[in-house]
Amino acid sequence: SQTIHQWPATLVQPVGSPLSLECTVEGTSNPNLYWYRQAAGRGLQLLFYSVGIGQISSEVPQNLSASRPQDRQFILSSKKLLLSDSGFYLCAWSWGGIEELFFGEGSRLTVL
Amino acid sequence: DAKTTQPPSMDCAEGRAANLPCNHSTISGNEYVYWYRQIHSQGPQYIIHGLKNNETNEMASLIITEDRKSSTLILPHATLRDTAVYYCIVPSDSGSARQLTFGSGTQLTVLP
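Residue numbers (my numbering), protein chains in the order written: chain A, 241 to 352; chain B, 4 to 115.
To be clear, the hints were calculated from the coordinates, so they are not data collected in a lab.
The beta-carbon is built from N, C-alpha and C at its ideal position, and this holds for glycine as well.
Hints are supplied without guarantee of correctness; some may be wrong.
[Claimed, not checked] Derived list of chain A stretches under chain B, where covered just means 3 residues or more per stretch with a C-beta under 8 Å from a C-beta of chain B:
| id | region |
| --- | --- |
| 1 | 279-287 |
| 2 | 342-350 |
[Stated by the list, open to error] Residues of chain A placed beyond 10 Å of chain B at every Cβ, according to the derived structure:
| id | residue |
| --- | --- |
| 3 | Thr243 |
| 4 | Ser260 |
| 5 | Thr264 |
| 6 | Glu266 |
| 7 | Gly267 |
| 8 | Ile293 |
| 9 | Gly294 |
| 10 | Val300 |
| 11 | Gln302 |
| 12 | Ser305 |
| 13 | Ile315 |
| 14 | Ser324 |
The task is simple: from the sequences and hints, build the whole structure.
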């Protein structure tokens, strides 16, 4: 069966510090991968998606970046965090077509 | 994306059916209706999707009106664990899961 893991689950970072959130999928190959963010009391916002290794599409311009160094690994990064980067970050995967998204457990980031 | 309208909140007694409505009057002929739910502090979970025929799975039933301008998600015997935000989504490009835009949804509270 397929599983998705992301870490860390929670982190508190000072403004201006770097960020790295990691997501891995097991039990499938060549999945579509996604990073979403949910600010407090808000809906989910799609940040990045990837259809293959090294292929990243950005939905919203910001100081975040994403990379896919391996088929089932998706990393969300920032060189310098802003207060507005605080939120609940979710990684998800899907098969190539219309099928549903499968979400990870989420990473709650607080920037102070 | 076709715009969807959902009530912001609903209550349901435990053991009773929960009927969650969604209006999508601008839906086009080839656009699917998706339902997800998000339990507090977790990632969204796929529930069901449909095009024009009613659909049923182990979690819920989806009733789509004949003109496809609205639909109802039915949880036949709601439990306390069904308390969550329920999202009705009509992606504009039904061949791409990246078009799943999560709005505000309906907060369903199942009461003991």
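Confirm or reject: Ser324 (chain A) is not an interface residue toward chain B, with every Cβ-Cβ distance exceeding 10 Å. holds (19 Å)
Checking a non-interface call: every C-beta of chain B should be farther than 10 Å from the C-beta of Ser260 (chain A). Is that right? holds (19 Å)
Nearest-CB test (10 Å) between chain B and Val300 (chain A): holds (12 Å)
Since Ile293 (chain A) was said not to touch the interface, does its Cβ keep a gap of more than 10 Å from each Cβ of chain B? Given that every Cβ of chain B is farther than 10 Å from that of Ile293 (chain A), nearest at about 17 Å, it holds.
No chain B beta carbon within 10 Å of Gly267 (chain A)'s: holds (17 Å)
Assertion that chain B covers the region 279-287 of chain A - criterion: three or more residues, beta-carbon distance below 8 Å: Since 3 is at least three, the answer is holds.
Can the region 342-350 of chain A be counted as covered by chain B under the rule of three residues or more with Cβ-Cβ separation shorter than 8 Å? Since 6 is at least three, the answer is holds.
Please check whether the beta-carbon of Thr243 (chain A) is more than 10 Å away from every beta-carbon in chain B. Given a closest Cβ separation of 13 Å, the condition holds.
At 10 Å, judged by beta carbons, does Ser305 (chain A) keep clear of chain B as stated? holds (18 Å)
Exclusion check [Ile315 (chain A) not at the chain B interface, CB over 10 Å]: Since the minimum Cβ distance to chain B is about 18 Å, Ile315 (chain A) lies beyond 10 Å and the statement holds.
Taking C-beta pairs only, is Gly294 (chain A) more than 10 Å away from all of chain B? The assertion about Gly294 (chain A) holds, with a minimum of 17 Å to chain B.
Thr264 (chain A): least C-beta distance to chain B exceeds 10 Å? holds (15 Å)
Figure legend: structure checked against the earlier numbered hints; every hint is met.
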